[in-house]
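Q: These protein sequences, in sequence, are chains A and B.
According to my numbering, the stretch in the first sequence is residues 1 to 584, in order.
According to my numbering, the stretch in the second sequence is residues 1001 to 1281, in order.
Note that these hints are calculated values from the structure, not bench results.
A hint or two may mislead.
Sample of chain B residues facing chain A (criterion: CB under 8 angstroms; computed from the structure) [to be verified]: (1) 1176; (2) 1179; (3) 1181.
Computed from a predicted structure; not experimentally measured.
A virtual CB, placed ideally from N, CA and C, is assigned to each residue, including glycine.
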Amino acid sequence: MSQAILEVDSLTIAYDGKPVVDGLTFEVAPAEAVGLVGESGSGKTQTALALMGLLPATAHVRGSATLGGEKLLGRAEAELDALRARRIAMVFQDPSLALNPYLRIGKQLRLILERHGIADGATATRRALDALASVGLPDPDRQARAFPHQLSGGMRQRVMIAAALIGEPDLLIADEPTTALDVTVQAQILALLEEVRKQTALLLITHDLGVVAGHCERMLVLEHGRLVESGPTERVFAAPAHAHTEALIAAHPHLDKAPALSRPAAEELLTLDGIRVSYRAHGSRLKAVNGVELALKKGETVAIVGESGSGKSSLVRAVLGLVPADAGRLCFLGEELSHEVSARETATRRELQMVFQDPLGSLNPQMRVASIVAEPLDVHEPGLSGTDRRRKVVNRLEQVGLDASFVERFPHELSGGQAQRVAIARALVLAPSVLVCDEALAALDGSVREQVLNVLKDVQANTGLAILFISHDLGVVRTLCHRVLVMYLGRIVELADNDVLFSSPLHPYTRALLDAVPVADPTAERPPVLGGEVPSPLSPPAGCAFHPRCPQAVEDCRQHAPGLRRVGATDVACLRASEYLAKA
Amino acid sequence: MSFEGLTLTRLATNRTVRVSGGIIAAIAVVAIVAPLLSPNHYMAVNFEAVLQPPGLAGLHLFGTDDLGRDQFVRTMMGVRVTLVVAIVASIVSLVIGVIYGAVAGYVGGRVDAVMMRFVDTLYAMPFIFFVILLTVIFERNFVLIFVAIGAINWLDMARIVRGQTLSLKERPFLEAARLTGVPTMAIIRRHIAPNLIGIVIVYVTLTIPQAILVESFLSFLGLGIQEPETSLGSLVDLGVDHMESSPWMLIIPGGLLAVILLCFNFLGDGLRDVFDARQSR
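Looking at chain B on its own, in the form it has when it is part of the complex (with noise of 0.2 angstroms):
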């Protein structure tokens, strides 16, 4: 695809974007390196060490859990976790969403109808009945995750980009490029998908958060991330029970999937300037 509203310098000047784009990447680079320099392992049990509070002691600069695991290295393995089923589901989301949303909208009629009649279908499935009916299908399983939040959030997608599309369609210059005969795979790429970024963008913003939320609230279910595996939404929960002794393990977990869902928001705000022709000068 060619955006000719995009260009990278742009990308780079743009304040929000430099600025959150580098808190989440330096939380990235943390939660990926970190783990492999301390000298903690993210599943040791140590009763010795039950819920420390954050020091230099034995290296356990968050403290430790009930089961005396590090709460650093557990928290960074969470980060890893959530960021990739956020990411990864946003992107499931966005590509599936994406084309089945510009094509019914954009080719209409019948074919519309047809599309949209599954999508209305798949709504009406209840989410936790369908996640529950994947786990005993397929058992407990990391990937499966991806594929539920992914498999519920193209719907809300597609709809957007839907109805995007059909307002586009009315547009002339649509008009002018069927009327010279642009291929309609053509006018998806050039004409369509470069006036859609836009809201695309903004509606994956809230899909990150979305879908780190519901990992967090599956994990809750025991339906998502197993012990001794973890993620910032596990970790959330775990730090409620202890919040009154040992209020580290809520506020550090907790804290972090703020700022990591505040850093998309700004990043969302930023992109969509950055995507859209009509700010560049």
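This is chain A alone, in the form it adopts within the complex (with noise of 0.2 angstroms):
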């Protein structure tokens, strides 16, 4: 590792004084994949920012990081612009906000070679469609002229690539380049990374032990900017040297443990019965769900769980009556709800609640953590006498892990995770019966994560709360669910136990779904790659609606869309099924 392409040493960053990256020291060689993990504020994106130049004017940075020779740090805009490109070039977390929404793709190809001085006319034109093909992209002459807003998540992410590629840098940088996307995607873009690095050295940022086990020679663990522990990959997975380490790889969901779960009762809460959600786009009708039944029981978690596209906000939208749905019936206790959450009688809307995926958007940023915690009781206990209800409010802070000291506290005084929680108090300050949350974990780091999903647990225990959680972390359903109910394109594909889904996948898309987790074990077979994307509810396939991306699919399932029907402990709706229930 003489020759090593970068040279990071005893990088300091610091504002006002307080460091957030402290003393870090490190080395990649050419063409090496080198994981860099960390908690979120571990410094991992600042250390990032600060080798492509990009940090803000306030940050204070000391040591030394070099490129090939030539110096990164302290150097001239112009200076760096140089390297940027050609020897260096950065790919973003989230590539909707990295696009130019106004430049078509292409365009902005042809704008870095152009920029850089590497190629420009019809060189440039060519070499832009050439860098669009490497990644995977399908049809690049006719995606060269299209906008990014035109292009899915994943494909963006692949533009944002051939972009930090095309002028065949020494070192790219990744930072979480696969958070913003679904797991099977991720599995895909991973794939693609792989692909590259063959040309390119690689400092891959990320907060997923899972996809540093898969793809990364060597590793580096931060905590709170400094360097924990280094070391190639499968050494590190097989014998930590330093606790965080251990305790991170530990936190890492493990898919093949069962879960302690409380039981649920077999009193049915909530009942849907043919439930069906369309909007109204460019003049057709987009069928978003299209007939879901279940049954929730008191006491019991169903996790659904799909790619972006399959329906799952739409559902439980329509469950709590904030999108009418089109047909269907939703029964409470067996009472039937109305649709529009405003023609729900008081009674029964203190009983649905739901957590949001944003924690700080679903805080009012002008009021108080105690009037945000205590608004539903205003509401619906509006003779409640002052000391109540703050001691109400109170007890469900507490409940939730956050103290008194909270409830003057406005949102922007809140962490992700603290406000997670007031959101959470919210949403239980009426002891409704039913919980949903959407994604309301996404946003949370791993430990803070385990405490929300514990507190949820208690509160089930507690009070026999039924929750109808959605997620595309099956680590989480795996740890929380008692049912898993895999949707595709509006339809349920499969419902089954938690135990049975997770040992018998039944449906291959909720195979694929499981082999797509990054599974935080550099010696695990890597399961091959679901190809594709979710397809346009506007046109839904003919058949079975998974047959084009199904590697199982034959000439049947083109023809016959299966429904949901009852194959061993499992509901699945595949053609195939009871073949692969013998096999297995």
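With the hints as a guide, bring both chains together as one complex.
A: This is the structure:
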């Protein structure tokens, strides 16, 4: 490793005298993939920005970093510009924010070539098309003329990678390149990064140890800006030397471990019967949810999983009445619920509550925590005395692990995890029967997520709360949920108990979702990646909606749409499900 | 309305608000009190002291105009009119515009479409034509100016507030409130209005100078304040005529106008910080 392409020596980044990165030293060899892992706030992104020369002027940077002999720190903007694209390039987390929405894809790539004097004119156009083809974009000629919003998230991230690689840099920095993507698309993008690594060194920044385990030769673990461990990935996973690394590995979900869950009651709280939801789009009906049946029992957690566009959110919003269902029956304790929340009776409204994905967005920035949590009480128990009201608020806050000192705070004074706990306290303050969580843990870090999960489990064990839990994180689903419902293009494709689904998934789509979860084990075998993306619900494929992507599709699948039927212990919508069960 | 983000102490400790608000208040107090104390009357014509420069002679602090009227008292009368026009017109546009825009944006659907098409229709009417029409019907009238300026400005305010409301409506905290069953008016009052305050204040501070300018423009056309009544706008107009011989007639009212406009802009900046809960620590 004497010929390191990137050498970073005691890099320190501080704001107002407080270091966010503290004495970081590491090297990256040519064509090597190094993973930089840590929780949010550990300084991963700050390090990347420092290497790219993108830190704000308020940052104080010390130490040195050289790329093939060229200094990276403290250079003038013009000098850095000469290095960017040709020597060093970066892929950002959110591809929808990193591309200019007003420029066509091809033009954006051409601009990079022209700006850095790599190519121009017809050569630039040709190289842009080559770059798009090399990242696996189908029909690059057509995609080059597209605007970013016309591409899916996965396709946009491919474009970002093409843009980063177009100048053939020596080092590619990828900052959480797959965090904003579905698990199946994540697997596709990671496979692509694996491919491009042959030409360039890769510094992969991620909080997901599974990603590092599968794709990096060496890894660096950061905690509070300090490097606590580094070494070959296999060695670190086999024998972590630092407690923090050990904790990170332990916190990574293990899908094979059966969870300990409380038993749900037999009483059916909420029943959904033939629920359909559609939206008007470009003059036709977009069928987001296409006939869903489900019975949610008291004290039960049902997970809803599927890629974006599968109709998970539309389904739960219809249950809550935030989006009116077009057809179907919703019953709560045997009584039919109106499809519109404003038409529901006050007494039933308090029984169904929701926790949203974005913790800060779900709290009014102008209100204090006390008023936020008390608002449902003001509506439903207006006669409550001031002291009772305060006691209830404080009790709920304590239940979610926040003490009474939080009541005076504004949302901007809370961390993401605290804000989400306030949102949960508000949802629980009326002691509802059903709680809907739409990706409620997605924005939270490992340890905080653990706490919030435990809060939900405790409340469920004590009060018999039923939970509808949307998540793309199958690790969380595994530890929390009694049953799992898999959706694809608005329909249920599989519904089974937690153990049954994770140990013997029957639908090929469920299997693909499980296979796509990154495993925190460098020695594990990597299953093949599911190709393609969810088709548009405006023009769903004929027959089984999944057949164009299904590795096991037969002629019959193109002709007949399978209904949901009982196969073994599973409800599954696949023509060949019995075959799979027999083989298992 | 209760804005938890707002506390009187923060209002008082914000330096920008204190300084700019203080200057405006001081100008207003002088404008109210000084004409009562001065021996000169704003309508009194004196052909023996025409275009006299500022000085203590006859206690014409700001000199006299082409009819020998005391410029100091006339300027103070002008400040009164200008401030009243600006503030009243802004309040009119604020109240109508915020309620109209918030309701249209929050209720949405057909109600929104009808309400906003009505705004478009009013927009299509030429402003000056509208004012001339009003003056023909009601004759020249001080109140008319408020109506005219307010009637135009609330349209912009309504559009801005509606747009902001539409984007707020998508925020999860509003859905959470709907889910719990918070009544619509309470949602608008507690969740929408306080979150609009930042943009509304910024817009009002733009409206005040705009109203002042429109008023002076109308006075110039002879549709606004009529002699011998006056406003800063008409004083500046008159000052321009005598700019070379008697520059004080332009510099003093013009400078005062500039100070007032600047102070309102700074006040707006400061208020926005105060109303924004995120600034509190």
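Q: All the hints need checking, so say for each whether the structure fits it.
A: Structure-based check of all given hints:
1. 1176: 6 angstroms, holds
2. 1179: Status holds, d = 6 angstroms.
3. 1181: 4 angstroms, holds
Going through the hint list in order, the structure satisfies each hint without exception.
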